[in-house]
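Hints in hand, dock the two standalone chains.
As they're listed, the protein sequences go chains A and B.
Per the working numbering, the very first residue in the first sequence carries number 1; after that it's consecutive.
Per the working numbering, the very first residue in the second sequence carries number 1001; after that it's consecutive.
Incorrect hints may appear among the rest.
[To be verified] Pairs of lysine to aspartate or glutamate residues, derived as EDC-like cross-links and limited to a Cα-Cα distance of at most 20 Å, are as follows:
1) B:Lys1186 - A:Asp31
2) A:Lys143 - B:Asp1056
3) B:Lys1288 - B:Asp1246
4) B:Lys1225 - A:Asp79
5) A:Lys12 - B:Asp1431
6) B:Lys1225 - A:Asp77
7) B:Lys1225 - A:Glu76
For the record, the hints were derived by calculation from the structure and aren't laboratory data.
Take a look at the letters that make up each chain.
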Amino acid sequence: MTNDTRSQSANKPALVVGVLLLIFAALVGYDASQQTITSTYGVGPTAMPYVVAAGLAILGLAHFVVAFREGLPQPEDADSNALLWIAGGLVFLIACIGLGGGFIIAITVVFACTARGMGRQALAVDAAIGFVLGLVIYLVFAKVLTLILPSGPLERLFL
Amino acid sequence: MDTLLSLINGFGVAFEPAKLMFCLIGVFLGTAVGVLPGIGPALTVALLLPVTFKLDPAGSLIMFAGIYYGGMYGGSTTAILLNAPGESASLATALEGSKMAKAGRGGPALATSAIGSFVAGLIATIGLAFLAPLLVELAVKFGPWDYFALMIVAFVTVSATFGDSPLRGLTSLFIGIALGLIGIDKLTGQARLTFGVPELLNGVEVTTLAVGLFAVGEAFYVASKRFRDPEEIIPIKGSLWMTKEDWKRSWAPWLRGTAFGFPIGALPAGGAEVPTFLSYSTERKLCKYPDEFGKGAIEGVAGPEAANNASAAGTLVPLLTLGLPTSATAAIMLAGFQQYGLNPGPLLFAEKPDLVWGLIASLFIANVMLVILNLPLIGLWVRLLAIPQPWLYAGILVFATMGTLAVNGSPVELGMLFLFGFMGYLMRRYDYPVAPMVVGLILGPMAEAQLRRALQISLGDPMILLENPISATLLGIAFLALVAPFVMKGLNRFKAAED
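For reference, chain B alone in the conformation it holds in the complex (with noise of 0.2 Å):
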């Protein structure tokens, strides 16, 4: 009842004109950035955060929201369209979504995609809802040692799933520790790795290492093989909507896409890749008509579909209940709740509860903000397609100054923006994930914090950490979850032949 009460207080919040507005800027962008190949959610988020750290801070997240479900739905459209997925969360999406498109039930595939992501995210955010106040009340028992172990098992799990080696996985995460070492030591005002240069007092701002990574990184590496051949559109032929016969065989793979991805995207090691293949491999499986998968099967587009939108949800559980990103964009996400000063976590659901609420409701109304603007609207998005991609890129190297000027205009600021972002692009070219490097920056100084607060409650005895029962088991599973990828060589060829 109490999740029920909460909610309804949300939609209060939510249905306020101006965060009205703020979600519709943010599914719009999300559209946007969803439809365009090779700009994701995480991108998008970065660039915003140095431009929205003087707004209100609960419009600002509901905007990052929206962002973050627009681009699980625009990236829908490119896969079918363009056969060019515009993030590895759309994949299994365009291997059906393209055939489709092919022949000629373009339209047919983007309803499915659009209609199967609006029950899917409808279903998961019931399940955020509901689930995040228990994990809240889990949480609220956890001592610093079970934060510590907690924040553990985010590395590991980061590390190990984001990219195809755990080895390149780790080496960004180390990295990014690192980098959260430089600057004063909350505790002790002792300056670490700062080499005298005074800028580097404060230490290393997220914002300036996920737009350099993700934006400025971005560009490089488009810019160094734009060679490729230009893809093609495939002009949407026939009726946009979905006949008896599709309906009938779309409602099933919806429900099942939304159970692996909501529950995958809310463990540490989820993401969205994992539960849309596994749908895409169950639908093909179940399907009555097993001959057509391959040529455009409309099961292999609605399941996949609905599988990102309910991940998308799924994410936000650890990261509203115990602040833990399990996403490159839910770790950008974190960056931007902590620039406003809020962490997240059970504190904030009793400290806050109108911005989380806020936030929760206005999911729900962003959900149905995006189905709206889906289905009427596709020829617009695909006409965005037609934007030059040096210009678009073009921009987005202005716009990443422009924020990285705004917060702090020093030049070493904007060299370490430039330097970050070569980083980034020698990192794409050899396969190294970006996204443990921010979550490292991120969580590196909050998991020492607590282990040292764990520590000075135990009087420096490190055996505190095994004898707790939650941080010994979370401390066992992430050792598990170093150790299988190399134990279990074949799981991680699995991921590595999808992509």
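Chain A extracted, bound-state conformation (with noise of 0.2 Å):
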């Protein structure tokens, strides 16, 4: 352990995990504050709220106390090039769903980008393999479990 070197100076993720939980531990309690319906008898529904933002807010403390002692582990280095093109997937995922791009197309943008971010180099391959991926999930959805997945321009000519 070089625990030693490290007690010097707080450690950074968790002082950063203790505000967050505050924060969140101030919403939850806000939250409470403002609400309006009450319970008439026994316990309403602000009771458990209240407990939880007291919880979250202790936990956070107990983080600032952490982070000043052994802090959280030390991790090893990330690929962030890697983290960037899976979230960049998943990015295009939700804004392709959300203005009615359509399942398919989301699918082999997600499959292309996931398996780049993994570190294989044939990205045209991966969603040429995404594309028919997206296309049999989405027929079998239809015709088999009747249920239709978020459709766009692609999808109609097959329905």
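Pasting the structure below:
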């Protein structure tokens, strides 16, 4: 353990988690204070949120203590390029579904971007695989499970 | 006698062709995901939840249980041949198993783990069948206060046992409980934490959280550290079969492993890691050839493998009788029950005996299927490891998206999936356990409802929780479980070191 070198300065990730927990606690507590419906007897809908808010606040403060002691485990270096590829694919997915681009195009992009993020260098091939996968899933859902996945211009060609 | 009759009826259900089919699919998928490193039964069941909600409840649950059992069998293959345990339950197996494989005894190692799993699974499932009705009889007498106390026990033990730090476990749990507050309060109609977003009025879907944390989070995590050296598969040399000597050295560890696994799996603080390591260290002490340990002793494979399978059956005892999940997979299976409007517990045994006993009976069938699938087909399972990882994880993300869209196709839901996925990644990175969050989301609203019901009965007097012997005892246990890890730091170190 290399505790002596790290105990000098606060552990940043633990501080960030602590702050986030306090913000979350404040949010839960504030929301409970704004509620208008109360119960006639017993405990109302605000009791549990206050308990949870208190719990979150205590955990947040405990993270500050941890930050000045052992800190959170030191993670290995992350490959941020890989993360960006996958996250980019998922953001496109949300936009594509939200704007009516349809399921198949969204899946094509998610598959290709994830495979790329995981280290494959054949974007076109993976996109083709993703397209076929999306098409098959769409048709199986539509015909076998009678469940229509989000449809765009492409999907309408097949129905 | 009643138990035997119920069980025979259960077999009647489980032997229906459709149920057999579900069982076979379950054990097949379970073995596959058990073999693939990084993909466990919890992730698989989570991925399947959204696509099975239109299917027959009994069939789907039989399939989920098959995945759970299959995952325990399959995990040993990777542990032995790759020295890369597929899930934490097979960490102990890898210690001696990979040494045996390197010494050219991979075949007998796989055989003793498959047969040991079979023996353990069979004994533990018998244990489940006979223990469950007894617990149900006890649980029928439970009042709302007892259920509330029981859930507190679950909260504490789940967050203290998953992962190495109680602080991080509790943080994960409380975020889960807070997420459970979102939506309309069922007793009064008050909207909580919705901030005017209509999609949030129905609350956070358990499946969205589970798929996000387990599947999307895992994909991010694996992608972020893909620089690691590729693992090498040790080819199986020599005979697959165990010699007479192997049998003689295996049977006692199987039974002892079962004796560790089943009761510990059934405890709220159980899980599969503790009994597997207990079994490993016991076999090491009892072994007649102590110098073989560390070089590939068959006892070190037989015991832990039996223990992890027995613990899977043990986990089902509190899940079925009390609705208490004690492992990550059990938590997701509970979500599976809930998506059909079923609440595991004593009532389920009374109202849906066919379903419960059919499920228990199918576990026996799953065990038989698994030992048949595992031994002769071992070559096929090993070939699974050749699937390129990028395609595997791209496929998982496609499946996750598909499931979320099938249940609720709104961009808000997809956004939550993505958000939970990123949270799952960060939690893995900083070693926060994800399972307590899912447990918090599932049990949080139930605990709140039970507490409010209890306080309505007592006209607002909280002492009712301490005046009843059962709830008072349970709250005492919860308190001890919460304080113990802080007092006995040594206990914690033991677990941290084994990982």
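Structure-based check of each hint:
1. A C-alpha spacing of about 17 Å is found between Lys1186 (chain B) and Asp31 (chain A), which places the hinted pair at or below 20 Å, so the restraint holds.
2. The suggested pairing of Lys143 (chain A) with Asp1056 (chain B) holds, with an alpha-carbon distance near 19 Å, which does not exceed 20 Å.
3. At roughly 13 Å between alpha-carbon atoms, Lys1288 (chain B) and Asp1246 (chain B) fall within 20 Å of each other, so this suggested pair holds.
4. With a C-alpha separation of about 6 Å, the suggested pairing of Lys1225 (chain B) with Asp79 (chain A) holds against the 20 Å cut-off.
5. With a CA separation close to 15 Å, the supplied pair Lys12 (chain A) and Asp1431 (chain B) stays within the 20 Å bound.
6. For the suggested pair Lys1225 (chain B) and Asp77 (chain A), the alpha carbons sit about 7 Å apart, so the restraint of at most 20 Å is met.
7. Note on Lys1225 (chain B) and Glu76 (chain A): the hinted pairing holds, with a Cα-Cα distance of about 8 Å set against a maximum of 20 Å.
Of the numbered hints listed earlier, not one is contradicted by the structure.
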